[in-house]
Amino acid sequence: MPAHFGHLLKKAMKTFSQVNREKATGMLDFELKELENIFALLILGGFVGLPSPPSPIAVELLPYMEKELTVLLARTDLSQDPLGVLMGMLEID
Amino acid sequence: MTTLIALVALAIYLAFYFIYGRVIRDKLLKSKEAPEAPSKRLSDGVDYVPTSKYVLFGHHFASIAGAGPITGPAMAVAWGWLPGLLWIWLGNIFLGAIHDYLALAASVRYDGRSVQFVAQDLIGKKAGKTFGWFTLFLCILVVAAFGDIVAGQLAADGRVFFAFVFFCIAAVIAGFAMYRSKLGLGWGSLIGLVLIILAFWLGDMLPVKWSKDTYFLIIFVYIVLASTLPVNLLLQPRDYLSSFFLYFGLIVGGISALISVAPLNSIPAFTTFSAKLIGPAGALQPSPFWPTVPLIIACGALSGFHALVASGTSSKQLREEKDALFVGYGAMLVEGFLSTLVIIAIAGFGAAALGDKLMSTAAIPRFVQSFAQMVTTNLPFLPMSFMTLFAAVWVSTFALTTLDTTNRLGRYLVQEMAEPLKEKNPGAFKFFSNKWVASIIIAFVGIFLARSGGYTVLWPAFSGANQLLASVVMLTVAVWVKKKLNPKYVASVMIPAVFLWVTVTAALIWYEIVIIPVFFVDMAKTLSVITGAVVGLITLFMLILNFIMISSFLKNWKVNAQAA
Amino acid sequence: MHDTVFFLGKGGVGKTTLSSAFALALARRGKNVLVASLDPAHNLGDALETTLNGRPKKVEPNLDALEVNLAEWVDKYLEESREQLKANYSYNMTLNLDSFFSILKYSPGTEEYAVLWAIEDIHCRLAPSYDFVVFDTPPTALSLRFLSLPAISGLWVAELTKLRERILKSRQTIVRLNPESPVAASCVDKNDDKVYGKLGSIRTRLKALDTLFSKHSFLSVIVNPDDLSVFEALRIKEELLKLGIPLSAVCVNKQGVSDAEWKQTEELSHLPQFVFDFCRDGIRSRKDLETIGVEHLLHYFLDKQGKA
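In order, the protein sequences belong to chains A, B and C.
If you count the first sequence from 1, position 4 lands on 61 in the working numbering, and the numbers rise without skipping.
If you count the second sequence from 1, position 314 lands on 321 in the working numbering, and the numbers rise without skipping.
If you count the third sequence from 1, position 215 lands on 249 in the working numbering, and the numbers rise without skipping.
There's no promise every hint is true.
16 Å max Cα-Cα, derived EDC-like pairs, lysine to aspartate or glutamate [said to hold, decoys possible]:
(1) Lys228/C / Glu123/A
(2) Lys329/B / Asp118/B
(3) Lys203/C / Glu88/A
(4) Lys232/C / Glu123/A
(5) Lys90/A / Glu40/B
(6) Lys91/C / Asp80/C
(7) Lys203/C / Asp223/C
(8) Lys189/B / Asp223/C
(9) Lys437/B / Glu426/B
(10) Lys90/A / Glu199/C
(11) Lys124/A / Asp227/C
(12) Lys133/B / Glu426/B
(13) Lys132/B / Asp138/A
(14) Lys71/A / Asp80/C
(15) Lys241/C / Glu114/C
(16) Lys203/C / Asp138/A
(17) Lys132/B / Asp529/B
(18) Lys124/A / Asp51/B
(19) Lys136/B / Asp138/A
(20) Lys321/C / Asp80/C
(21) Lys491/B / Glu40/B
(22) Lys60/B / Glu214/C
(23) Lys249/C / Glu154/C
(24) Lys232/C / Asp80/C
Worth flagging that the hints you see were computed from the coordinates, not collected in a lab.
Please construct the entire structure, taking both the sequences and the accompanying hints into account.
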């Protein structure tokens with residue numbers, strides 16, 4: 058019984074610690090995704106008519122930007138419907 | 008007696024969680040047979056990341072807990088401690104927690120889209136638009152309500168100002184420690200905690216005696232400036248550190264309530280059906296418990312905000328749909344428990360703290376004193392002077408954070424709502440999309456209303472908007488259950504939804520015809536007239552949107568009945 | 035050391051003629067010279083009475099010549115990137131790449147980049163075997179574009195690099211505090227980040243070319259005794275000034291082509307002027323090239339080399 062309780066306590070502490078970690082980085086995380094989104098847009102935007110560096114530079118960087126492309130697509134999705142995520146992140150209530 | 012009430016609260020919440028909640032999960036939602044959750048199906052390592060339900064619960068609860076669940080109940084004791092308590096219990100389990108739970112579940116079934124999107128899909132574009140407008144008004148009204156509340160608290164206890172200022176400094180320093188240096192979370196938290204204690208001590212040493220007006224000005228400047236700072240400087244670390252306030256408050260409050268056996272005799276169980284609760288300061292009007300209770304108790308029982316929060320990141324991270332019971336329904340019940348503690352504290356210890364002045368003290372100081380009294384009586388190693396400062400800083404911090412973040416959100420909302428102007432009046436659109444303009448408009452209107460209206464008239468307006476939002480969500484969920492789930496169980500959502508809509512609409516109409524005219528009694532008092540006009544117009548606009556939305560809903564409902 | 039020579043000017047002023055005449059005279063003086071044409075019109079071979087391609091061809095004992103094939107360079111450049119993409123991306127993203135690349139061929143910016151890499155190739159790989167490299171440039175628009183590329187792209191790359199550093203730092207902060215964050219998968223050190231490394235290598239290449247143009251080149255603009263070519267020359271001078279690339283000389287070609295009065299414009303007068311007479315019989319062979327008197331320019335140029 059005590060062993061089980063100790064295990065439970067450890068799990069509770071771990072969860073508590075994880076919640077705190079997420080709380081401490083939540084807004085930073087949101088900001089990071091925006092930076093990655095902007096970075097991807099700056100480089101690849103040329104292909105959809107936005108001002109951008111000369112396309113050869115974009116082409117040279119493209120092979121290494123898989124993560125950024127994913128974020129770009131995820132963010133495009135979010136920009137259509139951001140209210141929920143913003144409310145959650147901004148701690149309004 | 009307090010112990011009894013606390014235990015009854017726990018019993019009711021737990022019982023309904025395990026019985027009613029599970030029925031909803033297994034019969035209505037049929038979560039066990041539901042499609043795979045979007046966090047797994049659409050997993051992208053960006054927003055869709057399956058997360059443990061315990062971690063999500065903590066995160067979700069921390070997001071929805073604020074100064075709201077404290078303010079409402081603290082005001083509601085004017086009706087006696089029983090009516091408010093009943094609303095917190097019954098309203099929560101049948102309305103609030105269901106609202107949060109089903110909004111979360113609907114969002115999960117809609118691939119993590121926000122409840123605004125779901126409303127648009129099921130009811131129509133107008134419903135989607137009403138979300139935007141209601142939220143914008145909520146932002147202005149929350150600045151107004153909390154602005155007055157915080158100014159009042161700061162004026163009531165001169166120690167709070169510097170305690171808060173040094174708390175912000177502590178947050179910035181802890182932020183440096185955590186984000187700029189190599190020190191980890193543990194060290195950063197420790198530094199933060201030590202500095203918080205230091206901040207309290209310094210606040211205690213440096214009390215100030217300033218007028219409420221001075222505080223209004225300070226708060227105005229604070230809102231505009233704070234919302235422009237980079238997020239990792241103040242907002243992120245302060246947000247993190249303030250969650251410790253919540254944990255501490257909940258724990259010592261909960262323990263105190265459970266171990267004390269004080270009778271609840273600081274206020275009668277039931278005073279009168281129409282207590283004088285709502286209205287401009289000095290001219291409170293008799294407010295009938297039904298329908299005006301949702302104008303007072305919002306977040307502890309039901310809050311439209313929560314649906315947006317739930318359908319934000321929580322729905323995208325839920326590992327399995329059945330976790331929604333724990334995260335959605337569960338978190339709201341815990342918030343209900345927090346509100347229960349507020350009532351217990353005031354009803355059991357208010358007299359000991361404030362004596363005759365209990366009902367004449369403003370709502371938050373009333374809570375602060377009573378809560379401190381409750382803790383210090385049952386846990387004597389925590390002195391009264393510390394507990395009052397703690398409770399005051401706790402509430403003020405959450406309120407001030409809300410003021411800051413609401414301003415940030417408001418900038419986005421003003422631009423969204425001004426979108427139709429882009430074609431018709433590009434100059435005006437450009438004006439409103441300027442972030443400074445949006446920021447100052449919200450802060451200025453908010454603080455102006457706070458100063459000339461007072462929380463007794465603004466909190467109900469805010470609460471009304473919040474409850475209207477919640478009723479749109481409930482109706483949306485009802486349509487969802489009918490169209491996409493199991494029409495057999497529609498009643499379990501429809502009945503509370505209809506009850507809520509009728510109550511809130513009646514409450515706001517009552518507000519418009521009973522409270523607003525009070526502002527115009529003396530036409531010579533221009534400030535009063537302007538305030539009345541602004542608040543009256545906002546409320547009127549919301550009512551109109553409400554009726555537009557309900558007609559959309561009814562049309563939609565009928566169409567479906569024919570198709571079925 | 036200004037061992038690279040560029041002849042710029044409006045179309046038709048005599049760039050190919052003068053650059054080949056200059057290269058020829060320089061070679062006959064005993065210097066090892068490579069003359070390269072960047073002009074898609076490929077007139078250099080005609081001027082030297084031989085067919086040229088992308089590899090240096092011995093035209094005289096001390097003179098090699100080549101014509102840069104831009105289309106080939108574009109293909110070569112895109113091929114490298116295509117291979118890189120295939121190697122790095124997950125399988126399902128490569129399915130539609132081929133058609134994508136054929137569109138890229140026509141994308142704005144690709145042509146001037148191709149010229150730039152061709153120049154880089156010549157400068158790094160071939161130039162060490164010669165004393166001097168003489169470039170016959172394409173029409174002004176393209177020339178100005180490739181000359182300005184290192185500076186402009188340099189700015190873009192500098193800003194992107196800064197943003198990238200910020201992103202990497204933010205990732206590290208988040209992962210340090212929350213090791214379970216999904217960001218952990220992409221959290222690497224600056225030196226291990228492929229994008230950062232690529233940005234760095236692009237920056238290095240551009241910087242080298244920028245230095246080549248602004249510090250190690252002799253740029254001469256050619257005008258004819260007419261207003262149009264002078265206006266164009268002025269435009270060239272302005273643009274180059276903004277880029278920090280100094281003009282070294284002005285060549286007035288086809289002097290005497292008309293009887294009209296002509297005086298050199300004020301803004302160009304302060305540069306060393308070199309006049310070349312109009313050849314009534316035209317320039318059709320290598321022998322004709324020899325008749326163009328380039329001694330004054332040659333003398334000035336070699337003199338400057340000696341001083342540097």
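Results of checking the hints against the structure:
1. Lys228/C / Glu123/A: OK: Lys228/C and Glu123/A at ~11 Å, within 16 Å.
2. Lys329/B / Asp118/B: Between Lys329/B and Asp118/B the Cα gap is close to 15 Å, so the pair holds against 16 Å.
3. Lys203/C / Glu88/A: holds (12 Å)
4. Lys232/C / Glu123/A: holds (14 Å)
5. Lys90/A / Glu40/B: violated (34 Å)
6. Lys91/C / Asp80/C: holds (14 Å)
7. Lys203/C / Asp223/C: Holds, because 9 Å separates the two Cα atoms, which is no more than 16 Å.
8. Lys189/B / Asp223/C: Holds, at roughly 15 Å.
9. Lys437/B / Glu426/B: holds (10 Å)
10. Lys90/A / Glu199/C: Given that 16 Å is the threshold and the Cα spacing comes to 14 Å, the pair holds.
11. Lys124/A / Asp227/C: Between Lys124/A and Asp227/C the Cα gap is close to 12 Å, so the pair holds against 16 Å.
12. Lys133/B / Glu426/B: holds (15 Å)
13. Lys132/B / Asp138/A: Distance of about 13 Å is within 16 Å: holds.
14. Lys71/A / Asp80/C: The given pair, whose Cα atoms are some 80 Å apart, is violated under the 16 Å limit.
15. Lys241/C / Glu114/C: The hint is violated at about 21 Å.
16. Lys203/C / Asp138/A: It is violated: about 29 Å lies between the C-alpha atoms, which goes past 16 Å.
17. Lys132/B / Asp529/B: violated (42 Å)
18. Lys124/A / Asp51/B: holds (10 Å)
19. Lys136/B / Asp138/A: holds (12 Å)
20. Lys321/C / Asp80/C: holds (13 Å)
21. Lys491/B / Glu40/B: The given pair, whose Cα atoms are some 14 Å apart, holds under the 16 Å limit.
22. Lys60/B / Glu214/C: It holds: about 15 Å lies between the C-alpha atoms, which stays within 16 Å.
23. Lys249/C / Glu154/C: holds (15 Å)
24. Lys232/C / Asp80/C: Distance ~41 Å between Lys232/C and Asp80/C Cα, so the pair is violated.
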